[in-house]
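> Chains F, R, D and S, in that order, are what the protein sequence lines are. The first sequence begins at 1 in the working numbering and counts up by one. The second sequence begins at 287 in the working numbering and counts up by one. The third sequence begins at 1037 in the working numbering and counts up by one. The fourth sequence begins at 1118 in the working numbering and counts up by one.
Errors might be hidden in some of the hints.
[Said to hold, decoys possible] Facing chain S, from chain F, some residues (calculated, C-beta under 10 Å): (1) Met1; (2) Tyr3; (3) Thr72; (4) Ser98; (5) Thr99; (6) Gly135; (7) Ile260; (8) Thr264.
[Claimed, not checked] Pair ranges (Cβ atoms, derived): (9) Gly448/R - Ile260/F: 33 to 41 Å; (10) Gly152/F - Glu417/R: 29 to 37 Å; (11) Ser401/R - Asp1128/S: 19 to 27 Å; (12) Ser401/R - Ala53/F: 43 to 51 Å.
Hints in this document: simulated from the structure, not taken from any laboratory. What you are looking at is a predicted structure, and each value in this text was computed from that prediction instead of being measured. Quick reminder that beta carbons are idealized off the backbone N, C-alpha and C, glycines included.
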Amino acid sequence: MQYHTPSSFDDAVALAKDAQGVTRFLAGGTDVLVQLRADIVTPDVLIDIKKIAGVSDITREGEGWRIGVAVTGAEMSEHDTLGKEWPGLVEAMDLIGSTQVQGRATLTGNLCNGSPAADSVPAMVAAGVTVSVTGPNGERKVAVEDIPTAPGKTSLEAGELVTAVHVPARGKSGGDAYLRFIPRTEMDIAVVGCGVNLRLDGKKIVEARVSLGAVAPTVLLVEEAANAIIGTELDDAALDALAEAASAACNPIDDKRGTIKFRTHVAGVLAKRAAKIAYQRAEAAS
Amino acid sequence: MAFDDTKTEDFKVVGQRVKRPDGVDKVTGKAKFGADAVAPGMLFAAIVRSPHAHARIVKIDTSKAEALSGVKGIVTRADFATGLTGGDLDVLENVMAGEKALYDGHAVAAVAATSQLIARDAAKLVEVEYEVLPHVTDVDKAMAADAPVIREGAADQSVPEGMHANVVRYHESGHGDIEAGFAEADLVVEDSFKTEATHQGYIEPHACLAQLGGDNKGELWCCTQGHWNVQKLCAAMLGLETSQLRVTASEIGGGFGGKTAVFIEPVALALSRKTSRPVKLVMSRSEVFRATGPTASTSMDIKIGMKKDGTITAGQGTFRLQGGAFPGAPMEFTAMCAFAPYNLQNVKQVGYDVMANRPKQAAYRAPGSPMAAFAVESVIDELCKKLGLDPIEVRLKNASKQGTKASFGPTWDRIGLVETLEAAQSHPHYSAPLKEGQGRGISCGFWFNHGGETSVTLALSEDGTAQLSVGTPDIGGSRASMAQMAAEELGIPYENIRTTIADTATLGYNEVSHGSRVTYASGLATIKAARAAVKILCARAAAKWGIDEDAVVWENGCAKPSGPNAGEFDPLPIDKLTRSMGRTGGPIVGHFEATPEGAGVSFATHIVDAEVDKETGQTKVVRYTVVQDAGKAINPAYVEGQFQGGAAQGIGWALNEEYIYGEDGRLQNSVFLDYRIPVASDLPMIDTVIVEVPNPGHPYGVRGVGETSICPPLAAIANAVSNAAGVRLKELPMSPPRILAALEDQANNG
Amino acid sequence: MVEVNLWSGLRAFADGKDCVEVDAKNVGEVLSALVEQYPGLEHVIEAGVSVAVDGKVIASGLTEPVKPDSEVYLMQQLKGG
Amino acid sequence: MIHVNTKINGDDVEFLCDPRETLLDALRDKLGLTGSKEGCGTGDCGACSVTMDGRLVCSCLVLGAEADGKEIGTVEGMAEGENLHILQEKFIEHAALQCGICTPGILVATKSLLEKHPEPTETQVRYWLAGNLCRCTGYDKIIRAVMETAADLRKAS
C-alpha cells in the first residue's frame, strides 16, 4: 500500500488519477482503517487529505457554513454557533461512535463510505446540505442525497473527491432534528435513522424535508413524509400521516441489526419523535 | 490457636478493603498481559481459518505462502501428535482441523513470518480446497431427523435409542412422582424457552509466546486461567513430556471461563518447533468470536405446578443444549441447577448435549446455570402473577435450606438462600415505587462452586516478610485476598506479603482458576501453608527457649509461651526468628498441597427494575440490586466487583448479546460493534448486599462468589421486562425486535 | 454396606435401580464397587463423576471416608467457569 | 517504509513503519509502549486510547504514519515518575479494576474527560466512556472513582 499526503486538492486529484488499483482517501479513517484491519478493503493507494490547507476549518459561507472535509465530529460539537443553528446535524454527527471516534470521524468520510446507516447523512439530506466534488474533469456541486448510490457505492467518478461541505443558511423559524434507533445507548450502527428539517410561519409548517436512514439501499429523502406535515401545525393527525408515509417509504432488509418489520415500524415512530423536536426548535427560533 | 481451627471473628486484615498489590502496575501500563511479551528473534503467526460451517478439507496448498519473503514456516494438522483419543483428541481437532472443518472459523493451517503483516498476508495465500457439506447451527434443527450428521459415533452410551447422531450425551435425574405432583397443583404452567449462545467477551484476545526446540524442551507464555492445564494439553498435542514444557501465566485480561481451554498455544508451539524461533500468536477480536468457546445455546421446556398458597407441587424441565461440533455442552449443570433453589417433593430434569456446526463451547461463569434459571424462574414468576402471590414470599416458602433434599439428590448442608431472599425483601429497592412503563423482576440463582487440585508455597524472608506463591491466575484481584489471608495467619502487615502467580515449574499441579475456586481453594491452601510456616516458627522459638513446641503459641506476629506454666520469655517477633533461620534449622517455608472438597455452594437473589419503550421495544435497566451469599468476604470491594460484573454480563446476555449465524452458517457479528456487550451508558449503578453464611468447608467460611452472580440476571430481567411490557418474553436476547413482535402477537391474539 | 443413590439416567445401567448397595469405606471404594457390580456404569465413572457424601459434594477425591449410614449420591462431575 | 518523527509523552521519537501499520502497532511493537492494548482493532473497545495533539483517539484507528509531527499521550505518560496521577490513585483505592486490561484506555479517556469537563455528571461520564468497554466491573466502581476524582480536583483548585 502506498501512502500519500498531498498538500492541495489538485495534487490529490492528480495522485488519484494516476493511481493503480484500489484507491481510498483518508480523512478520519474510522471506516478505512477498520476495513483495512478486517481485510475488507486493502487499498493499493491511500491518499491522506488532512495536510491540505483549510480542511479542518468551519467557516461562514454567506449565511450558511462551509465545513472542511477533515473537520471532526468533536470539532463540530465544540463549535460556538454551528450547533445552535443546526442542532440536528451536529447531534447526528455526534451520535457516530465513541468519544474517541468523534476525535477522528468526519461528515465527508461518513458520506463517502456509502453506508445507508450513516448517521450524519440523513441529517445532511434533511438540512439540504451540498458538497463540492473535484476531479480530473473539474469541480461540481452535488446534493448530499445524490452521492450514495448503493451500500458502499457513491456517484463519485474515479479520481473524484469531496473537497468541502456546504450547509445552507438556517434562516428564520427553522429547526432540525435527527434521531436514530440502536439497541444500546451508544456504539451501535443505526437500525433506523430519521432526519427532519422544517420551517414555520407562525404555527404552521411551510417547508419540510424528511429523510430516513438504514431502511433502504441508500438514505432516502421522503417527499410524501414532508408533504404529510407541510401546511399543518403538527397535530396528531399530521403526525400519524407522517409516520405512515415514513413507514411506507421503507424498503429495508432483514439482517443482524433488525428485521424488515421492525425497521418499517420504527421509522414511523422516529419520524414522529424527530418532527416534534424539530418543530419545538423551530418555534423557539421564531 | 490450633492449626486446623476455623476462625470466624476478630479478623484484622481479612474483611478490609486493602489496595491490590498489582494495582500500580495495572494503572501505569506496566503489567504484562499475553500480547505484551517479546523474545529475541521472535516470529509472528497468523492462522488460516475455514470460511465454511462444514466442509471436507480436500487439499491444502501452501506453496504460494511459502514463497512469500519473510515466511519461515507453515503448520497443518500433520504437525501435531497422532494417536490421541477422547477429550485430548477433541481438543486437538478443535485447535487444528483434521479431515473436516466443523465450523466457520475452524483453524486449518498457520503461518509464522518475520512480521505480523507478512504473516497475515501469507495466511491469505494458503490455498485450501474444500468440499462444502450441509450444515446446521440451531439446537432444535440439529436434533431433527433430517439434520446433517456432524461426526458419526460421537454419542456415548447414555443416549437413548433412536436419537439423532448429533445428540451425544443424555442426562436424567430427579425424585418423587411428578404426575402426582402436578395433580396436586391448583395451577400448572408449562412453557418453552430459548437462549442464544453468548461469549465471555473478555477484552484481552488470546495471546501467547512459544518457544520449542528440537530437543522437545519448551517455554510458553500465555494468558490463561490455568497454566498447568495448558501444559498438560499442549504436551499431549505436541507429543512432549509434560515436565519439559514450562508454562508461565501472563496477567490475564479477563477470562470468565473462556480461558480455561487452549486454542492457539499448541499452534504457536508447533510453529516454533518447525522454525526453531520463538513465535508470538495473538488472536484478532473476530477470531476470538469465531473460534474460541462461546456458551451453549439452549431450547428448554418447563412445567411447574403450584398450590394457591404458593407451594410448588412439582417441577419438570427438559434442557437441550447445543455446544458446538464437539460433545461437552454443560446440560447436566443446567439440569441440576434448574430447581436447586427449591425444596421439591417431585422433580424431574432431562438434559441433551447436542452438536452443531459451531465452535466448541467453553465454560462461561456458572456454565449452564443462567439459562436454567431464566426458564424456571420465568415460569415461577408467571405462576405468582396468576395466583396473585408475592414472588419473594413464594420463593421463601419453597426455599432450599439446611436439611432439605436438593433437586439433584443430596441433603443440603448449611446454605444461605433464605438469607439472601430475606435481605432482598427488606432492601429498600424491593418496596420502592415504580414509574410508568417500568417493571420489577426478581430471581434466585445457584451455583455449586468447586475446590480442585491446589498447591501453595509460602516462603519467609530473613526480614520477616513473606513470599507467597500460588498457582491460580489472578483474574479479579485474588493476589490481594491471598495476601490478606496470609497476613491474617502470620500476624504481619498485609503489605509485607508478596503474592506471585508461580509458573508450572515452581509448584505442584494447580487446577484452572474456575468454579469460583480461587479464594476458596487457593485461600484455604494459603491459610494452611501459613499455619505450616507458623508451626516451624513456633518450633524454632521453643528450641531457643528450651521448652516444648506445644507450649508455644503464635500471636500478632510473635511466638509466645502458651501460658505461665510454659515459662517466662519475652515474645519473639517473626523477624527475630527469620533472621537466624539459616542457623536454627534452615529456611522456613510452609506449603500445602491437596484437593479441598469443601467448596460451599452459593445462592443469590437479584432485584431489577426495567423500563420498556413499547413503541420501539427498547429496554433500559434503571435499577439493579445483587444480594448474594459470600460465606465470608475476604476483600469486600472485590466481592462486590464480582457481584457487579456478573450482573452486568447477565444484563448483556438478557438484552442484546447473541451469536448470529447466517443461512450460510457463518457468524455474522464477530466484532464488538455487533456483538453488543453493555457499555457504560447502558447501565445504572449496581447495588450490592453481601450476605455471609459461613461455609463449614473453609477455615474462614469462604464461599466462591465469581459465578453465582450471573445466574439470576437473565430471569430477573425477563421478569422485569415482562412486567413492564405486559407480555412474557421467552427467548433471549430480549432484543427490541423480539419485544415488539411479542407485543404485536399479544395484540393480535388477545 | 452403603446405599448409593444414582441419578435416574443411570438406571439403564444398574438393572433399573436408582439406589444400590455397595461395600465401601471411602469414595474410591464406592466407585470401584459400583463398576464391579454394574459393569454398565464403567463408562460413566471413567468419564468422571462427583459424589455427594452427607450433603458435601466430593468433586474428585477418592479418599474421602464413607460411613455405612452416610447419604451417598452419585453426581455428574463438577467444574466451573 | 515510512519515516515518522513524533513526540510521545513529551519525548521526541522516530520510527519506521509500513503504511498499513497503525499507531497502536507502532507504540507496542516498535517502541515497546505496551500499556496501550488491542482489544478489538476496530475502534469499538477503547483499550488503545491515546491522545493525539490533545484529542482522545483510538490508536488502532490512526495509522502510524499519521503520527508524524503530532504529540501523542499514552498511559505511560500519566504518572510523573513515582507519583501516580490522582485518577490512577483513585482507581486503585476504589477497586475500579479487576483484570486491568481496559484500565489504561479508561484512564487516558477519563483524564481527557476531566480536562474538558471538570464537573461531569454521572451520565456525562458514562457517555464519555461508552467507547471504553470493561467486561469485569459493570462500570460501577469506575464511575465512582471518576466522580470522586472530579470532586477532589475541584476541592483542590
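> Does each hint fit the structure? Answer for all of them.
Here's how the hints hold up against the structure:
Against a cut-off of 10 Å between C-beta atoms, the interface hint on Met1/F holds, since the closest Cβ of chain S lies about 5 Å away. Checking Tyr3/F against chain S: minimum C-beta separation of about 4 Å stays under 10 Å; hint holds. Because the smallest distance between the Cβ of Thr72/F and any Cβ of chain S comes to about 8 Å, under 10 Å, the interface hint for this residue holds. Proximity of Ser98/F to chain S holds as hinted, the smallest CB-CB distance being about 2 Å (cut-off 10 Å).
Hint status for Thr99/F: holds, given a least beta-carbon distance of 5 Å to chain S, under 10 Å. Taken as an interface hint, Gly135/F does not check out: its beta carbon lies about 24 Å from the nearest beta carbon of chain S, beyond 10 Å. The interface hint given for Ile260/F is violated, since its Cβ lies 26 Å from the closest Cβ of chain S, which is over the 10 Å cut-off. The criterion of a C-beta within 10 Å of any C-beta in chain S is not met by Thr264/F, whose closest approach is roughly 28 Å, and the hint is violated.
Separation of Gly448/R from Ile260/F is about 40 Å and conforms to the stated range, judged on CB atoms against 33 to 41 Å. Take Gly152/F and Glu417/R: their Cβ atoms lie about 31 Å apart, and the range 29 to 37 Å holds. For Ser401/R and Asp1128/S, the Cβ-Cβ distance of about 25 Å falls inside the hinted range of 19 to 27 Å, so the restraint holds. Between Ser401/R and Ala53/F the C-beta distance comes to about 36 Å, which lies outside the given range of 43 to 51 Å.
In this structure, the earlier hints numbered 6, 7, 8 and 12 are contradicted, and the remaining ones agree with it.
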